[in-house]
Amino acid sequence: MALFRPLEPVSQRARIVLGIAFFIVFFAVWAVATLGGYVSKTFLADPITMVKDGWILLTKFGFAHDIGMTVWRVLGGFVLAAIIGVPIGILMGAYKPIEAFLEPFVSFARYLPASAFVPLLILWAGIGETQKLLVIFIGSFFQIILMVAVSVSNTRRDLVEAAYTLGSTSAGVVRRVLIPANAPDIAEILRLVLGWAWTYVIVAELIGSSSGIGHMIIESQALLATGQIIFGIIVIGVIGLISDLFFKFVNRHFFAWRLS
Amino acid sequence: MTMDAILRIEQVSRIFPSVSKRPPVRALEPTDLTIARNDFITILGPSGCGKSTLLRIVAGLDTPTNGRVVLDGRAITGPGPDRGMVFQSYTLFPWLNVADNIAFGLRERGVSEAIIRETVAEYVAKVGLRGFENHLPKQLSGGMQQRTAIARALANNPEILLLDEPFGALDNQTRGLMQELLLGIWERERKTVIFVTHDIEEAIFMASRVIVMTARPGRIKADIAVDLPHPRHYTVKTSPEFSALKARLTEEIRAEAVLAAEAH
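If you're matching them up, the sequences are chains A and B in order. Heads up: the first sequence runs through residues 180 to 439, numbered per our numbering. Heads up: the second sequence runs through residues 3 to 266, numbered per our numbering.
Hint data in this document are derived by calculation from the structure and do not stem from the laboratory. Just so we're clear, the structure is a prediction, and the values are computed from it rather than from any experiment. Heads up, the beta-carbon is just placed ideally off N, CA and C, and yes, glycines get one too. If a hint is listed, it holds; no wrong ones were tucked in.
Taking CB as the label site, the calculated pair distances span:
#1 A:Arg-335 with B:Pro-19: 22 to 28 angstroms
#2 B:Ile-17 with A:Phe-433: 42 to 48 angstroms
#3 B:Ala-171 with A:Pro-188: 24 to 30 angstroms
#4 B:Glu-135 with A:Ala-210: 56 to 62 angstroms
#5 B:Gln-141 with A:Arg-336: 21 to 27 angstroms
#6 B:Ser-114 with A:Leu-197: 52 to 58 angstroms
#7 A:Asn-333 with B:Asp-229: 47 to 53 angstroms
Put together the whole structure using the sequences plus the hints.
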């Protein structure tokens with residue numbers, strides 16, 4: 180069948196239809212498993228209960244505020260990490276002495292699990308917003324630095340040489356070759372790291388928090404409200420999807436030169 | 003010999019240091035070469051003869067192991083806008099359109115936008131890319147990309163133009179047209195040009211002087227003047243004088259290619 184030849188492209192319409200189809204399959208399997216009585220309600224709520232619970236959460240328990248808090252924590256910590264991390268990454272990729280100085284430490288720090296810092300950060304910064312932002316920051320910062328540095332290091336050497344023969348200074352090469360050449364990759368790195376930041380924020384909220392999606396999830400666990408837990412998880416997924424679409428739009432809009 | 007020399011290559015050699023226990027590579031034996039102002043020089047040789055290495059040393063992108071290169075009385079220490087370069091690989095900045103690529107060097111030097119606009123329009127016309135100013139490199143054919151690269155190098159008004167097999171990746175027909183285009187620009191502007199190639203016909207057609215290099219170790223084997231009249235038309239390639247030169251250079255190169263093949 181022509182449809183299943185390796186690397187054979189698929190039309191835009193078919194792509195959308197197939198993408199939506201899997202969501203339908205997923206919900207159908209879930210509905211059959213729960214509503215059909217194959218899985219105990221105590222452990223897994225059915226889709227209808229999930230939607231009902233979600234509605235109650237939003238209308239009676241002010242869940243919108245929790246969502247807002249979580250989004251703000253992720254964005255706050257992530258934006259802070261990006262603002263500081265991207266320039267350091269660019270400098271590290273561009274200037275080898277800076278790379279030699281920072282790379283070993285950053286490579287080490289990158290493997291420090293952000294979630295393991297939660298207890299320590301509670302000791303240092305309490306259970307307020309600072310602590311939440313710091314967890315996201317620690318989780319994102321070193322990853323961003325290292326990935327941006329690798330991307331900048333891999334800039335096409337001949338473009339840099341061309342710039343030099345056109346009279347660029349070192350600073351000019353960084354500003355007018357390394358940064359624009361790697362801007363699409365940096366956007367892609369930020370998209371990836373933002374995804375990881377979402378997992379850190381939930382972990383931070385599971386422990387010592389009085390608001391946020393993660394807080395709601397841990398409260399629901401005590402009440403065996405699996406519908407609410409699943410609703411919270413799905414909300415995170417939807418927000419992730421929206422941020423992904425945003426980054427894709429930015430890429431298509433600003434980095435058209437890169438698309439084939 | 004009295005000539006108005008613009009560039010002197012003095013005892014320049016390049017040895018690439020040994021990598022992982024392999025012996026060091028003598029890419030270029032000590033080489034002397036003096037290039038006259040407004041001359042069009044082609045450096046001809048088989049691959050691995052150090053011709054690109056020599057050009058990169060002149061550009062300041064590589065450092066000689068010994069010797070030095072002097073441009074207009076100043077020893078070269080690194081790359082600069084006084085030596086424009088066109089590479090074999092397509093090196094247009096992919097995020098800039100044709101006009102902004104050509105303007106790149108001018109912007110780096112802080113030239114006013116009015117002059118930039120004027121200069122870009124002038125060179126767009128010279129390389130025949132009118133109407134393509136807003137195209138991105140990925141929308142251009144290989145020949146158009148190299149024309150833009152030539153315009154980008156020339157717009158910077160370098161003292162000397164260096165070309166490293168600029169048409170090597172193009173098909174035969176496009177290559178012929180590009181040769182005529184570049185030669186036409188040179189005939190009008192008489193900029194000093196060093197053009198590296200492994201194509202014998204190309205070397206003769208373009209040059210007023212062909213430098214033949216040998217492989218392993220790389221050194222200059224012959225220095226041959228090409229006295230074909232200007233302006234040159236592509237039909238010159240079928241003239242008896244051209245054929246005689248071609249036969250002679252083919253012989254020079256062939257001996258080298260045989261030696262290089264035996265060394266493998």
